[in-house]
Amino acid sequence: MGFSRYLLRRLGYALIVLFVIMSFNFAIFRLMPGDATKMIIDPMFTPEAIAELKRQFGLDDPPLVQYFKYVGNLFKFDLGLSFSTRRPVVNELKERLPNTMMLFLTSFTFTTIIGISVGVFTASRRGTFSDNFVTGAGLFTYAVPTFWIQLLLLMLFGYYIPILPIHGTMSAPPPDGFLLQFLDRIHHLILPAGSNVIVAFGSWALYTRNTMLEALGQDYIVTARAKGLPENTVLRHHALRSVLPPIVTLIFGALPGMVSGAVITETIFSWHGVGKYLMDAVMQQDYPAAQGAFYLIALAVVICNLAADIVYGIVDPRIRVGEGGAK
Amino acid sequence: MALLEVRDLKMYYKTLRGHVKAVDSVSFDIERGKALGIAGESGCGKTSMAVTVLRLLPSNGKIHGGSVKLDGVDIVKLDDEEFRKSIRWKKISMVFQGAMNALNPVHRVGDQIVEAILAHEDVSHQEAVTRAEELLDMVGINPKRYKEYPHEFSGGMKQRVVIAMALACNPDVIIADEPTTALDVMVQSQVLKAMEDLRKRLDLSMILITHDLSVIAQTCDNIAIMYAGKIVEYGNVIDVFDHPTHPYGMGLVKSFPNIKAERTRVRSLPGFPPNLLAPPKGCRFHPRCPLAGDICMEEEPELIEIGSNSHKVACHKVDMLERGVDIWEQ
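Sequence order for the protein chains is A and B. So for the first sequence, our numbering puts the first residue at 729; every next one is plus one. So for the second sequence, our numbering puts the first residue at 391; every next one is plus one.
Quick caveat, the hints were computed from the structure, so don't treat them as lab data. Among the hints, erroneous ones may be present.
Covered, in the sense of this in silico footprint (three residues per stretch, anywhere, with C-beta under 8 Å from a C-beta of chain A), are these stretches of chain B [stated by the list, open to error]: (1) 473–486; (2) 490–500; (3) 505–518.
From chain B, some residues computed to sit far from chain A (all C-beta separations above 12 Å) [unchecked claim]: (4) 446; (5) 555; (6) 662; (7) 677; (8) 689; (9) 717.
Quick caveat: nothing in here was measured; it's all calculated off a predicted structure. Think of the CB as a built atom: it goes at the ideal place given N, C-alpha and C, for glycine as much as any other residue.
Working from the sequences, and respecting the hints, build out all of it.
So this is what it looks like as C-alpha cells:
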C-alpha cells in the first residue's frame, strides 16, 4: 500500500469521526438537564416576545430542522450567537484561541523534551538511585489528579512564595512596550504550563524508559556496541531512534488529552482560553457557545490523531512499503 | 607468537543465587589467517566466551581473571574508552547470531556499515560510502541496495550484510557466533562459502562458534570442544574428528551422522549439562561419563597434550581412551 493511499484512508476516517462528533455535539447539550431558554427568557416577557426570541435563536423549529440548520451553519463557520453575550461564538473563540494555543504549545514542547530526555536518562542508568528517584517522582505526579497538583502549586507560588501571578494571561493593565508585555505573558505562563509539564512528563518518561529498555536488549544494540560506537550514539542513534515510532504515536495520542485537559488547567488558573470558555458556557447552559468550543476541541483532537498517523508513517520506514523502490 | 592468545580467561555472571561460571579458565591460541571452531551444547559458554573477548558483557557479567593478548597486548587491561576505540571492530569484529535482528530496522543497511567505518577511521563520509558499496559488492549484494532497509532483505542477504559490516574496518579477527543457524541449508552453504572466500583472501583469523559440527569441519583449522564453561578437547579438526579422545568429544562426534561412513546408529549422550551455579566437583563431565572413577569426582583434570599436533584433552582416563576404546558402544 502506498503512502498516499494510506493517507487518504486516514483522512476518510477523520471525516467520519468529525461527522459523528458533530451530531453528538448537537444532541448532548440538548439532553443536559435544565432549559436553556430560562437563561435568556424572562418569565415576565409577553408570549410574543418569547416566541420572537426563540425564533431569533432558532429554538422554535423541530429538533431535526435545528440539526440541519446547525450542520449547514457549521460549514459556513457560523456557530451562532452566544446566549449570554449575544455575540457570534466564532468571534469569541477567535479571541481565545491564541491564548489556548500558547499555553498548549508551551506545555507540549516542554513535556515532550523533558519527558523523553528523562526516559532516556533513566533507561541508561537502570537500577541506580537516580533511576528509582526520577521514575518514582514521575509515577507520583502521573498518578495524582491534575487539579490537585495545580492547586498546590498555586498555593505555593501564589501565596507562600508569591513570585508568580495566580490568574489570567497578562497583567491588567498590561505594561508598556512590547518586550515588557512579552515577559509579562511568559510570567503568567510559567505556572499553568509548568504544572502541565509536571503532571504529564511522568507518563512519557516511563514509556520512553520502558521502550528504551526493551530496545537496549535487542541484538542490534549489541551490534552497535560491538561496532565500537560511543555509548551516547548507541543510546540516541540506535535505541532511541528505533523506539521513536511508538513514542511519537504516544505523544500524538496524548495530544487530545492535553487539549481537553486545557479545560481544567484554564479554569484553575483563570486562563482566558477556549477551555475556560467551554466550562463557563456549560455552566450557563449556553448551547451555541458550548457547542462551538466543544466542536473546536474535537476538531483539534481529530487533527492531532491524523497528524499522528502521518508522522508515524514518516518515522517508521516499515509502514512505507512499496514507496522505497524495492519490489 | 600467536595473533590472539587467550589464557585462563574467567567470566562469571553474578546472579541472586551466586556466580554462574560461564567461562572458567579457558585458554587457546589463534594464528593469523587460521580459523578456530568452538563447539558444544547450548549453555556450555560458547557465546559467553565470544562476548567476553569483545567485552560486550551484560551488567551482571564480569571478567574474573585471565588475559586476552592481541599482538602481545593484553586487551583485558585496556580501559573501556580505549578498548572501544582501538579494539572493537577495528581489530576484532563480530558476525552475530540472529541474522534477523542484528541490523537496526530503522536505519538503511549502507548507513549501518558507514557508521562503523566512521567510528574508527578518519575518512570522509563519501569515502566511507564508497567503501560500504565495495563491501556489499564483495559479499554478493548489489551496491545499489545501499539505501534499502533491513526489512527489504531476505535472511541470507541480511547475514551477508552483517558479514560485510564485520569486514568494514579490516579487522584481524572475526568472531562469528552461529552465523548460519537461522538460515536454511542452501543459504547456509552460500553464506559459509562467501565467508570462507573472504577470509582466505583477506588473511583473516576467525573464531567460529556453532553447535553444528559439520560447519566446523567445513571451514575451520582447529576445533575446541567446550563443556560447562571449560575446553575439554582441543586440536586440529582432522585429528579431533578422526580420533575424538575426550569422552564428551567422542560422544559429540558420534552424535553426528557421517554420510560417507558405514551406516550406524546416531548416539545421543545421556543426561543433561550441569548447572553452572554449582558445577560438579572434580571433572565437570563425571556425572555423565561411563568411565568416571574416584579421581574424576575429586580432582579437576588439566588440559594436557596427547600424541602430536597439539591435540589436547582434559581427562583423567586419557591413557585408556588413547587405546581407542569406544566407550559409547553398547
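Hint check:
1. A count of 9 residues in the segment 473–486 of chain B with a Cβ less than 8 Å from any Cβ of chain A is obtained; the coverage claim is therefore met, three being the minimum.
2. Here the segment 490–500 of chain B counts 7 residues with a CB under 8 Å from a CB of chain A, which clears the bar of 3, and the coverage holds.
3. Interface restraint, the segment 505–518 of chain B with chain A: holds (4 residues with C-beta to C-beta distance below 8 Å; minimum three).
4. A beta-carbon of chain A comes within 12 Å of the beta-carbon of residue 446 (chain B); the shortest separation is about 6 Å.
5. In this structure residue 555 (chain B) is not separated from chain A by more than 12 Å, as the shortest Cβ-Cβ distance comes to only about 8 Å.
6. For residue 662 (chain B), the non-interface assignment is confirmed: its Cβ lies about 27 Å from the closest Cβ of chain A, beyond the 12 Å cut-off.
7. Chain A leaves residue 677 (chain B) outside its interface by the beta-carbon criterion, the shortest separation being 33 Å against a cut-off of 12 Å.
8. Consistency note on residue 689 (chain B): stated as away from chain A, and its beta-carbon is indeed over 12 Å from all of that chain's, at 38 Å minimum.
9. No Cβ of chain A approaches the Cβ of residue 717 (chain B) within 12 Å, the least distance being about 39 Å, so the stated non-interface status holds.
Of the numbered hints stated above, those contradicted by the structure are hints 4 and 5, listed in ascending order.
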